[in-house]
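Same order as they appear, the protein sequences are chains A and B. Residue numbering for the first sequence is 1 to 347, as defined by our numbering. Residue numbering for the second sequence is 348 to 694, as defined by our numbering.
These aren't lab readings, by the way, just hints derived from the structure by calculation. Treat each hint with caution, since some may be false.
Here chain B is said to cover these stretches of chain A; the calculated rule only asks that three of the stretch's residues, wherever they fall, bring their Cβ under 8 Å from a Cβ of chain B [as the list claims (entries may be wrong)]:
1. 30 to 40
2. 98 to 104
For the chain A half of the interface with chain B, some residues (derived, Cβ under 10 Å), not all of them [stated by the list, open to error]:
3. G285
4. H286
5. R308
Where is the CB? At the ideal position from N, CA and C, for every residue including glycine.
There are 2 protein chains.
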Amino acid sequence: MAQRLIFTNDVNRELAAIVDRLHPSSLFLLTDTNTSRMVRPLIDLSATHIVIPAGDEHKNIDSLQHVWQGLQQGGATRQSVLVNLGGGVVTDLGGLAAATFKRGMRFVNVPTTLLGAVDAAVGGKTGINYGGLKNEIGVFAEATDVVISTCFFSTLPSTELKSGFAEMLKHALLTGSDEFDRLLDIDPERLSPENLLHRLQVSVMVKQRIVEQDPHEHGLRRALNLGHTVGHAFESHALACGRPVPHGYAVAWGLVTECVLSHMMMKFPSDTLHRLAAFVHLHYGHFGITCDDYDTLLTIMRHDKKSRQGEINCTLLAGCGDVRTGITVAPDDMCVAFDIYRDLMGI
Amino acid sequence: MAQRLIFTNDVNRELAAIVDRLHPSSLFLLTDTNTSRMVRPLIDLSATHIVIPAGDEHKNIDSLQHVWQGLQQGGATRQSVLVNLGGGVVTDLGGLAAATFKRGMRFVNVPTTLLGAVDAAVGGKTGINYGGLKNEIGVFAEATDVVISTCFFSTLPSTELKSGFAEMLKHALLTGSDEFDRLLDIDPERLSPENLLHRLQVSVMVKQRIVEQDPHEHGLRRALNLGHTVGHAFESHALACGRPVPHGYAVAWGLVTECVLSHMMMKFPSDTLHRLAAFVHLHYGHFGITCDDYDTLLTIMRHDKKSRQGEINCTLLAGCGDVRTGITVAPDDMCVAFDIYRDLMGI
Chain A
1 MAQRLIFTND VNRELAAIVD RLHPSSLFLL TDTNTSRMVR PLIDLSATHI VIPAGDEHKN
61 IDSLQHVWQG LQQGGATRQS VLVNLGGGVV TDLGGLAAAT FKRGMRFVNV PTTLLGAVDA
121 AVGGKTGINY GGLKNEIGVF AEATDVVIST CFFSTLPSTE LKSGFAEMLK HALLTGSDEF
181 DRLLDIDPER LSPENLLHRL QVSVMVKQRI VEQDPHEHGL RRALNLGHTV GHAFESHALA
241 CGRPVPHGYA VAWGLVTECV LSHMMMKFPS DTLHRLAAFV HLHYGHFGIT CDDYDTLLTI
301 MRHDKKSRQG EINCTLLAGC GDVRTGITVA PDDMCVAFDI YRDLMGI
Chain B
348 MAQRLIFTND VNRELAAIVD RLHPSSLFLL TDTNTSRMVR PLIDLSATHI VIPAGDEHKN
408 IDSLQHVWQG LQQGGATRQS VLVNLGGGVV TDLGGLAAAT FKRGMRFVNV PTTLLGAVDA
468 AVGGKTGINY GGLKNEIGVF AEATDVVIST CFFSTLPSTE LKSGFAEMLK HALLTGSDEF
528 DRLLDIDPER LSPENLLHRL QVSVMVKQRI VEQDPHEHGL RRALNLGHTV GHAFESHALA
588 CGRPVPHGYA VAWGLVTECV LSHMMMKFPS DTLHRLAAFV HLHYGHFGIT CDDYDTLLTI
648 MRHDKKSRQG EINCTLLAGC GDVRTGITVA PDDMCVAFDI YRDLMGI
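Same shape as in the complex, but just chain A (with noise of 0.2 Å):
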């Protein structure tokens, strides 16, 4: 069954016509606090409402718990639905706890950061952090059906729109260069929610045509790593140094590391590195690291879930669209593209 896809500026009557389709025994609603506040309100669905804390320190086996007994008290059956309502976080361990709960009930993703939306909501991947480690425990299961609106976006700060527009740069990457081009010309701060919407349409059936084809990582799927093994390297460093960088930040200097790489090893063009690389600095400022910080980015990267045997792995392009997946790199290389990128960054 394949999941649906709904990009709408009216979620109300979309989830009414779900809710009728999946016809579910009972109706579950998963918010966080941040949601419970800003966004339940402009939601007209009658189910049972379970909270968790806001926030990824809060994407645990505690939480999980409580969604499972949250629906356990509200007599979820198989024939149950509950819909994940929130960023990231709300999606990626509700869609755990529906794929868990007796063995598995439907879900509906409704992503509310742009984040959420571009990267979270759609492709299966469900997860809790554990141990220290990011979605350590998850499963693939993807909702029957993902509504994705920019209605949401409205009051969020704008580093959580920059956030989500750097996967929308990755996505752009991966796809060709017109799209790239078109990113390139936008302010991600001062978008229309229509335009927003449309770009968020175009960027997230590149996503859903790749998992499509690749729905349990076993090899195209992981192209949409592109930026994302330096990108978790910077975001790990960082959280450890008690300086944390939002996810989508990260990411974009991950871009910009990973199309260096690109254009060492594959011949990537140079004009579209610099570009990429201006637009990261003007819009993102820079992740500052000295050869000091080199050993420990590339032992986080050796211990990547993606490496095997302790080698780097990345996604590389030999041009935008052109895409090689399991790529490795060696610490040399990868040390040659930290100075480059500290170049571009000015740094």
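Put chain B on the given structure of chain A with help from the hints.
Coordinates of chain B only, in the frame set by chain A:
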């Protein structure tokens, strides 16, 4: 990727071949405290050993976390393999741990009880008990390989052997009268390992064929629920009353009661019913119930995971091998069936 079923009395050779083929980045072995002592010494496998406490009361979130932590501390990756060596608790819980670790690592099941071999190790059902409900949390996930051997059974108590044999009776009823006749000629406590391995192979293949056609329990697979609507009710009621009964015994009594219903509603042959009842009475004794227990049993059946809208739902038989799934049974009919069950069991 289809699950491989291997029937053997040379477990070590087969395990070596499996490890060779799966080529894991690292190997983990899960046992409980019983199989750690009784069975682990027989297995020639170099692996990081994780042990959970034995018993259904430990089929819970704490043991699940213990396995996750063992995998994490042992540096398991998505390319690692977990071998579950034990009864149904170990294969169910180990399967869930593997299926959710980093969104899924491979696992191999080596059932060490007859019940585990015939029922739990095949079919992709993983799970733990939660909030007082059996298998409330779980996923459908298949082992890459299931190694079935009777060499572990020589030390099993006879209640364990008979528990497993009840599921074999169920499979025989689902497949046809020849295998059913063959089983009724057997004394389940006096089977040679070779004869048992052969009967077991026939029995497991019945389940495997059904599961292959309906992996996620949408239709046909409900056939496997034969005997279990009533059996689970007996088991839960017995537990609540502080006089727990083995699962397989409850299934045996459930089979008798549901064959009574099948006779009442579907003209299941009377002589087959009587032969089944006599066999069950001889080898399993009876579960003593009175009219005062009927209401409690009906309530439990209405809350069964497979029930819809509080109706009582059974798999029934129009004859051996002639299966009707999803039959709604009126409470009054169920009470009549309880009456006849009591007559047949001499209660």
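So, going through the hints one by one against the coordinates:
Only residues whose C-beta sits within less than 8 Å of a C-beta in chain B count toward coverage, and the segment 30 to 40 of chain A has 0 of them, not enough to reach three; the restraint is violated. Remark: the segment 98 to 104 of chain A is confirmed as covered by chain B, as 6 of its residues place a Cβ nearer than 8 Å to a Cβ of that chain, reaching the required three. The interface hint given for G285(A) is violated, since its Cβ lies 32 Å from the closest Cβ of chain B, which is over the 10 Å cut-off. A distance limit of 10 Å between C-beta atoms decides the matter here; for H286(A) the minimum to chain B is near 31 Å, and the interface restraint is violated.
With a least beta-carbon distance of about 6 Å to chain B, the hint placing R308(A) at the interface is held under the 10 Å criterion.
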